[in-house]
Every structure is written in structure tokens, then in C-alpha cells.
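Which chain is which? The protein sequence lines are A and B, in order.
Taken in order, the first sequence gives residues 2 to 345; the numbers are from the working numbering.
Taken in order, the second sequence gives residues 2 to 345; the numbers are from the working numbering.
Just so you know, the hints here were simulated from the structure itself, not pulled from any lab data.
Some hints here could point you the wrong way.
Heads up, the list lumps identical chains together, so a pair's fine if it works in one copy or across two of them.
Claimed, not checked - For lysine-lysine, the following BS3-like pairs were computed, each having C-alpha atoms within a straight-line distance of at most 30 Å: (1) K194 <-> K87; (2) K124 <-> K180; (3) K32 <-> K48; (4) K142 <-> K286; (5) K194 <-> K291; (6) K194 <-> K131; (7) K194 <-> K182; (8) K141 <-> K281; (9) K282 <-> K65; (10) K142 <-> K253; (11) K182 <-> K35; (12) K65 <-> K286; (13) K65 <-> K142; (14) K253 <-> K286; (15) K207 <-> K56; (16) K182 <-> K260; (17) K142 <-> K281; (18) K286 <-> K225.
Protein chains: 2
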Amino acid sequence: MTDKITIAIDAMGGDNSPSKNIEGLSIFLRKNKKVENIHFNLFGKEKDIRVYLNKFKINDKNIKIFNCENIVSDEETPLTAIKNSKNTSMWNSINSQLINNADITLSAGNTGVLLVISRMLLKTIEKVSKPALAALWPSKKGSIVVLDLGANIECDENNLVDFSELGSALYKSIFPKEKPKVSLLNIGSEEIKGTDSIKKAYSKLKEISKIGDFDFNGYIEGNKILEGDTNVIVSDGFTGNIALKTAEGTAKFITDSLKESLLENIFSRISLLFSYFALKKFKNKLDPRKFNGAIFLGLKGPVVKSHGGTDAIGFYHSIDLCYKIVKGNLMNRIQENLSHLNEK
Amino acid sequence: MTDKITIAIDAMGGDNSPSKNIEGLSIFLRKNKKVENIHFNLFGKEKDIRVYLNKFKINDKNIKIFNCENIVSDEETPLTAIKNSKNTSMWNSINSQLINNADITLSAGNTGVLLVISRMLLKTIEKVSKPALAALWPSKKGSIVVLDLGANIECDENNLVDFSELGSALYKSIFPKEKPKVSLLNIGSEEIKGTDSIKKAYSKLKEISKIGDFDFNGYIEGNKILEGDTNVIVSDGFTGNIALKTAEGTAKFITDSLKESLLENIFSRISLLFSYFALKKFKNKLDPRKFNGAIFLGLKGPVVKSHGGTDAIGFYHSIDLCYKIVKGNLMNRIQENLSHLNEK
Chain A
2 MTDKITIAID AMGGDNSPSK NIEGLSIFLR KNKKVENIHF NLFGKEKDIR
52 VYLNKFKIND KNIKIFNCEN IVSDEETPLT AIKNSKNTSM WNSINSQLIN
102 NADITLSAGN TGVLLVISRM LLKTIEKVSK PALAALWPSK KGSIVVLDLG
152 ANIECDENNL VDFSELGSAL YKSIFPKEKP KVSLLNIGSE EIKGTDSIKK
202 AYSKLKEISK IGDFDFNGYI EGNKILEGDT NVIVSDGFTG NIALKTAEGT
252 AKFITDSLKE SLLENIFSRI SLLFSYFALK KFKNKLDPRK FNGAIFLGLK
302 GPVVKSHGGT DAIGFYHSID LCYKIVKGNL MNRIQENLSH LNEK
Chain B
2 MTDKITIAID AMGGDNSPSK NIEGLSIFLR KNKKVENIHF NLFGKEKDIR
52 VYLNKFKIND KNIKIFNCEN IVSDEETPLT AIKNSKNTSM WNSINSQLIN
102 NADITLSAGN TGVLLVISRM LLKTIEKVSK PALAALWPSK KGSIVVLDLG
152 ANIECDENNL VDFSELGSAL YKSIFPKEKP KVSLLNIGSE EIKGTDSIKK
202 AYSKLKEISK IGDFDFNGYI EGNKILEGDT NVIVSDGFTG NIALKTAEGT
252 AKFITDSLKE SLLENIFSRI SLLFSYFALK KFKNKLDPRK FNGAIFLGLK
302 GPVVKSHGGT DAIGFYHSID LCYKIVKGNL MNRIQENLSH LNEK
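Pulled out of the complex, with its shape left as it was, chain A reads as follows (with noise of 0.2 Å):
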């Protein structure tokens, strides 16, 4: 990386494109006026995006428009996708870090198409097994990553140690001072418990710890995730997925029953005016559209799916995300990393 940071970005991805696309871009742009040198390719229906950039006032020097007129829809599937998508924003976006020389790509359309497209374009990493897909998620003690999300529904006990050395770099890249601390998940905390390969990416997660890119906190459970004791959360697609999805449900199921009850009397409504600052702040501190954004880790360039359905703050968290990703060397960390792994 050089000191130029260059985003590219599809416009035309998610509900609400490229309005909310562009409107998160003037809210990254409006946070961060000091900052010099990053630079968006922007791509899209360049009518359109010309429409919101006026709306949002956007008149920087440092984006740039590439034209395209077709788009990846919701219904294509990864199956097609490599046949169908040629020359969408999507794919043209990811191209960008082949030809354009952009760092990063962000979108917020069609999930399995841009785990495909990505994969094909950007090609993985020589030394890396299978790519994943990684988050931030909250915790008592700040921001943990967590991966694989459903890239891989079966992994083995390489795929795993590759997580773990991708989800360190990434926890490395975001919080520069930090050691990360790596753990794996599973359904106990002694070392006889879990599948095969959860047993045996155990005991290579142990000695590769020697070598210092991280340190390894053995087995972690699902309860324990959000305590932050850990700052890296390495599991198979699958399980993952479904850990994601159903912390998302819990969430959701306790605030919405939460509302309901003080909603329910009239001295319960009266108690929202006390305590309006306070749920504000409380509902503010887990606002899911801070954590938007999905890390594609483990291909030679880095890309991040926003949530289709977020809105401009979501997506303006995301380019924040793409911004700090590069920022941090990302893909420079992930390199010692893996050197690392090799010497072994």
C-alpha cells in the first residue's frame, strides 16, 4: 500500500441504490475532510450516480465514475453468476483492484455472486486453503472478529488454522496495539470435546501460538462470545452462520419484547421520558448498522459485502470499515502471517 487509498465501490448494490450508496459516501466524506489522498472509483449507472452526488453535494476531486449499465439482480445465482455478470458493477468493481489499481471493493448486492465473482477475479492466496467470510461483531470489552460466516459449510483443521491466521491479521489491521487473542468455538471447553477437526486444528493452533502472530485461548463456547475475553472467534461455515443469525434473532426477540413491556402502561410510558437518554445510548452502543460489513479474507485483494438492506449510516460504516482495513495493511499483515505459518 501506498500512501494513496483507493475504494472501489458498486454503486448500484442493496435496497435503495445508489441513494443510499452515495449517501453514505457524503457522510464518510463529511467525518473525515482531514484526510487526504483516498480516492472512490465509483460504479454504476453513471446518470444515476451524477443524480445523487449533486443531491448528497458531493463535488470531490478524488472520484472517479465508471459507467455500467447492467446489474447483478437478487435472483441470480453463484451457479450463473460467472456467465451473467460479466461487465455489471459488481463484477467491474472487483476488476478494479486488477485494473484500476484499487485496494479494496465494497458492495451490497448479491451475496454468493460476489463470493464467486471475487474468488474468480481476485484469485485466493498461493498459501491459503479457502478464503472466509469475516465480521466485527460487539462485545463487553469492543470489537471481536468473528469468521467463517458461511463461505465454507465444511471446513478441516487447515481451513481452520488459515482462519485463525486471517482473523488475527484483520483483528491486527484494525487495532494495531493489540495482540489478538484466538479461539475456537465449540460445544465445550476441555480438549477431548468437539469434531475431529476442531480436535486437530486444536493442537496445531497450540504450537503454531509459538510462533507469536497471536496468542491461542483454546475452545471457547457460544455463551462466552460476547464476554470479549477473546478478540478472535474461529469456526466452519456452517456453525458460524447459524451462531451470527441467531445472536442477530436473540437481539432482536429481547429489544422488541423489551419495547412491548414499556410500552404497556401508562407509567411505564411515562418512565421513557427519564430514561429516553439512556436507551438511546443503549440502543446506540449496539446499533447493528456499526457492524456492517462483511470481510471476504484470504483472496489477494480484500472485498466488503454491506447488508443489502442497510441504510446510508450502515453504508457509510462499511466504506469507514473498508477505509480502516487498508489503513491497517490488511493484506501486508495477512502476508507476514502466512510467512509465518510457513517457516513452521
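Add chain B to chain A, keeping to what the hints say.
Structure of chain B alone, referenced to chain A:
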């Protein structure tokens, strides 16, 4: 089942036993004064049990004490359990189904050992490929059944089909008026998603659902579990355990954050005066003690595992669960479901 119901209780399992176990029993007896013909076989140190029967003023002619001096320790592993745990309170309470005609066994002791002894003494029902651990969860639309929660780390399609029959029998025994809707826990709702076992189970369940024991609702993702649109959620034990614990951890994280926010300043503290009853009701609705008790299904007799760390109220709820299960004819319903499966 005759009209007489006998519940065998391991009085020594779990923290603070036998005090909480006997106090839980006293709560049950107080709440079920009018119910006749419920008998209890209590297993443990007779002297200790009598102290607490006196303390909690239980003087019931339907209680029998079976003295056992030995207790399964928390450190005992499933590997050596069969050798070491003979004639413990846990062992004898399970064996009571064989020699004292108890209908069900309840213990708050060591889970791994309980599963091993139960399996050995009660034996798996012939038509069942693997027994499974099930529990009731709260949802937006009432209680749901989730299984397997950790008895089997790896499961094939036949196991998942059996779990569907076992889980829907359990649901019907507790909610006799409803025809259960069954879903398979997966990482997407499309038919092509998931592992091979899940996809094969999907096809089988679509067919079996025509028999009429339950309606098959297809796949369900983690974020939809608590919506309550489906009554029985089926999963392998590894994934189910991760989902259960992640849900627990998320619930704790959110309620802790809420508590912290509401105690933050003088206004939010005042708000608590007004919202006291609403928040109490909210807390009460989601009180995990109400959902205390995992049911080991697929053996020739049912075994309920109470949380070791629960209190008397939690233990009362697991006694109540035992009562409901036997009253609802669980074992007959399982046999009925399995016989249909066989006709197929």
C-alpha cells in the same frame, strides 16, 4: 401410562442439593395441591433429604425415599462413569424406571454421565437411530422445541428425521391440541443450501410430512428461530448446542447492557420507578428458570436434565416439565410417530 404418575428425582444433583431440589418439590406440591396420584421417588442421602423435607414442611404420603450414599461428582467423565457411578443417586434414579415403575427421571447432576448411564440402563428405542437432547425455548408465539442440543456431534439424514419425529412427539405431549410445524436449522432458506445430510433430510421430511405426524416447514435460519412460526427446530447436536449457547450469551449481553444504561444517571434511575412493573414483567417473561430442563429423547424412558446451577424455582419448573411430559403421554406419542415412520 396409568393415571398414576411417578417421577424419580436425583435429589443430590446440582449446586446446593438436596436443598434446592426439595424446595423445588415443595413449590410443585403447593401449586398442584388438587392433583392426585403424583408419586415421587427421591434418591440420595436419606438423612439429608429428611432434614429438608421437614424444613420445607413436606409431609406427603406419595413420597418414597431411596437411600444412596454415593453421588456422581462434577469431575466424573462419561468414559469412566459406568464403572464409577453404580448405585449413586443418579444411577438409581434412572434405574427406578426399570425396577420401581417410575415414568420419568429428573437430575441436575453431571450431564455427560447422565446421558451415558441413561443410555445404558434405559436403552435406545429400536427404531431410533440416535437419542437426542431437546429443550423448550421461548419465542414470540409461545414455547418451541429445539433439538439436538449436544447429545450427538455428527448427524446424518436419518438422525435428523428421527429427531423430527421425537421432537414433534414431545411438542404434542406438551401442547396436545396442535399439529407441530417442524423446520431444519440451516444457513439459508433455499432448497439447495446446506450440508449433504441436511439436504437429504429435507427430501425425506417432505415425504414423511405427508403421513401427518407434523407439517414440514422446510429450512429455518438462526435469526428466525425465536419468531415462533415453527414449533420444532431440528439440528445436529453440535450446531444446536452452539445456537443454544449463543442465544443465552446474547440475551445476557443485551440485558446486562440495558441494566448498565438504566443505572447510568439520575434520570434513568428515576425512570426505573415508573417502569418497575413493566420491566419486572419483561424479566419474568424471559426468566430462563421457566425453561429449565432438557429432555433426553429416544430412550425407552424419558430423562430430564435440570441446569446444575439453577435454584429451587428452576428445579420446580423441571419437575413441572416432567409432570407435563408424562401426563401428555410422551412415550406413546413417540411410539405412534415411529410406527407411522415404519409404515412408510
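### Task
Determine which of the earlier numbered hints do not hold for this structure and return their numbers in increasing order.
9, 11, 12, 13, 15
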